[in-house]
Amino acid sequence: MEQVAFGQLQETLYKKKLANGLDVFILPKPGFNKTYATFTTKYGSVDNEFVPLGENERVKVPDGIAHFLEHKMFEDENGDVFQDFSRQGASANAFTSFTRTAYLFSSTSNVETNLETLLNFVQYPYFTDETVEKEKGIIEQEISMYEDNPDWQNFFGLLQAMYHNHPVKTDIAGTAESIGRITKNDLYMCYRTFYHPANMTMFIVGNVEPEKVMNFIELNQNEKEFPEAESPQRFFSDEPEQVSEKMKTIPMPVKVGKTLVGIKESEPDKQGRELLKHELSVQLLLEMIFGQSSKNYQDLFSSGLIDDSFSFDYTAEKGFGFTVIGGDSSEPESLAGKITALIEEFKKLPFDEESFRRIRKKKIGFFLRAMNSPEYIANQFTRYYFNGMHLFDVIPVLEELTPESLQSTLQTHFDTEARLSACIIKPEDSE
Amino acid sequence: MIGLDNVTINSINTHIMPVKTFKTTTFVLQVRTKLSRDTVTGRALLPSVLERGTEHFPGRQYIQGALEELYGAHLTADVVKKGEHHVITFRIEVANEKFLSDNTPLTGRAVQLLASVLLYPLTENGSFPADAVEEEKRSHRQKIAGIYDDKMRYAGMRLNEEMCRGEAYALPILGFEEDLDTITGASLYEVYKQTLREAALDLYVVGDVEEEEIKNFVEQYLQVKNNEPASYRTEDAKEPDKPRLVKEEQQIQQAKLHIGYRTGTKFGDKDYFALQVFNSLFGGSPHSKLFVNVREKASLAYYAASRVESHKGLLLVLSGIESDKYEEAVKIIDKQMEDMKAGNFTEEDISQTKAVLKNQILETIDVPRGRIELEYHGAIAGRRIGAEDWVKEIEQVTREDVVRAASKIVKDTTYFLYGKGGDE
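Residue numbers (this note's numbering), protein chains in the order written: chain A, -1 to 429; chain B, 6 to 429.
Keep in mind the hints are simulated off the structure, nothing from the lab. It is possible that some hints are incorrect.
As the list claims (entries may be wrong) - From the structure, some residues in chain B lie toward chain A, with a derived Cβ separation under 10 Å:
no., residue
1, Asn11
2, Ile68
3, Pro245
4, Gly325
5, Glu368
6, Ser412
7, Lys413
For clarity, every value in this text was computed on a predicted model and none was experimentally measured. For glycine and all other residues, C-beta sits at the position ideal for the given N, C-alpha and C.
Taking the hints into account, I'd like the entire structure generated from these sequences.
What follows is the structure, given as structure tokens:
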């Protein structure tokens, strides 16, 4: 077992790659009641075209299948695994993102028993025609809940405006039609291809003894048999650099309009420290342009174009990345135009070094605050790890950033000509 | 468990909880008054106006800039109701300088900043600046309008309004759009002064801190003047004559079924913890009767859950279903309630539920805000029940206690928001 200490943060991370390929990380948090564990596969909604393990032909699976599979993992012939976690005093959950499916629990007692339950249920697929059909009703309700949610519609509308082909533009849950086509054999095929331990990572954070927990996990894994590890072969259609649509308007029966402006990443193949540096740089720039301490924010607020729902973020994974800026607005079109204009204006202004240093401090403080949260640590660590980055590099990389390096990110990422889209939710007269 | 030191400083009940596990220090100031029609909108608007500028930081950008300098100290202010108590909450969370390469002391400055926002707002001739107030009114108006667009929240608000009509608890937490028309910088400043005069003030501090140092900061910076908490009584919950049904049609894909019950049990009452066990088993957890029967067995919903309002004595069921599944869903939910009242659950169900609740409580106190929320229940009810007592109380609940708590629960109002073409 390897050990890495992060002095200033007073954290020590333990890690080991097990014989079957599973990566296990343990971050002890003395003094916490809670232990939080995630078991994550590098498989999400975008992985919809691949060569199934043990086969030669490439297949395309129905939209929403990774999420459907996540729902179905919780059941076996003895019923619902939520019940087992409850009996063991734990609360369990799972989520599917564009690139990951994570299963998790948190508990304040019986940590080993709960770890065993987590490992065992995720490594035991059990689907029948009947249980698959029954799940469709539940997921249809989840989908219709999102259909009524204007923020969700706005976000996916924006992704559809930005992307021509990449599956990131497809709703993670799929549609009633696409999930209707899912069969138990599809689920087994996806499971076999993407749930091999070599494609998965376990992260445990909490009041645990690392040696003991690592041995326990290793013992559990050594008792199970897995086929030879093979890296899943995935396919993505070519994606042009330019956006698909510059402006998309979605009428909805809402009272308040919404605007999101997106900037599509031009070099979506960065990984590792380079990606981390890029991600932090874009986030820092966004904060400088649109943060609450900026003049732009005050002006947008005073002119009535935004309220305090206004926010922005940048996220990137292998193959795609985007900035998103916006919020509720009574004049969604004007806000979209104004955001674009402010970006262009900022690019021409002299670089404000004082604001850069201040905002960097803010980002460092944010990271320290996040270190209080086991959920943040486990989920972000895994996301970073799958992209070759290291969560505990955040502060050192922030400290490496310079006004010059930010200037160059500003000129390359913030291309409002070819790579900017806006999506608007427009109130329609419903009554 | 950690000790909790209570001391009154400048009429602020100060609760300091030194714990070594956190990399930040959290300050939460609770400003509590009676919930009433005439101040509900003003008080809801107040936090955002206070965050618009102070004597020392005369504009939002200066306050935000100062927070950034303090390594991104996080300041928030919002308003909630707890039963018929109206609580404005100010929170500031600041990095502990121990974990920074730069050793500037941050804690004292964070208290100063909090004090600046609370006690030294930017004013012009005895009123809040008109332009800031007008801008915040506009933003607030939009926030009120936006409730309609979040159907779960809208249904929750409508149920509350219908069920508690005539009681203060019916007031929506953001207040009323029509009130905004009459609020001015001067009238809002009066609300502010009156609030500081009348409110019961509780300050919670959680982090790796020295008690004496914190007390000194509070004494030195948070100098609240002329504060005399007004004593007030909240109304008792009204017993419904008979269950009511309210239906509303909108252009939506998923219908919302919300059901309100009167529990007859509030925080501080003998059966309160039995009610918590009841709720967890009925609809508060993934092993609950609602989750298993509405979602897993009948596939009617993605979510079907219940929760308890501790200081008003309410139980609320919420779920999202297809518009034409109303009858079926209500029937299943009613059946689960009958089963709970009849004691149709096993000893094992009870022990499983207690394990889940105990875990939730211990997890809650791992988070500074959660720990403070638990402690604050006691401050409101005038009876301190520490986090460690919660676990003990839950452990003592028996099956009979749960059935007794269930027997007092009465269905009041069912609110159904359905899509066009569904239902009728």
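Status of each hint after checking the structure:
{"no.": "1", "hint": "Asn11", "verdict": "violated (23 Å)"}
{"no.": "2", "hint": "Ile68", "verdict": "holds (8 Å)"}
{"no.": "3", "hint": "Pro245", "verdict": "violated (29 Å)"}
{"no.": "4", "hint": "Gly325", "verdict": "holds (5 Å)"}
{"no.": "5", "hint": "Glu368", "verdict": "holds (5 Å)"}
{"no.": "6", "hint": "Ser412", "verdict": "violated (25 Å)"}
{"no.": "7", "hint": "Lys413", "verdict": "violated (26 Å)"}
Consistency note: the structure conflicts with the earlier hints numbered 1, 3, 6, 7.
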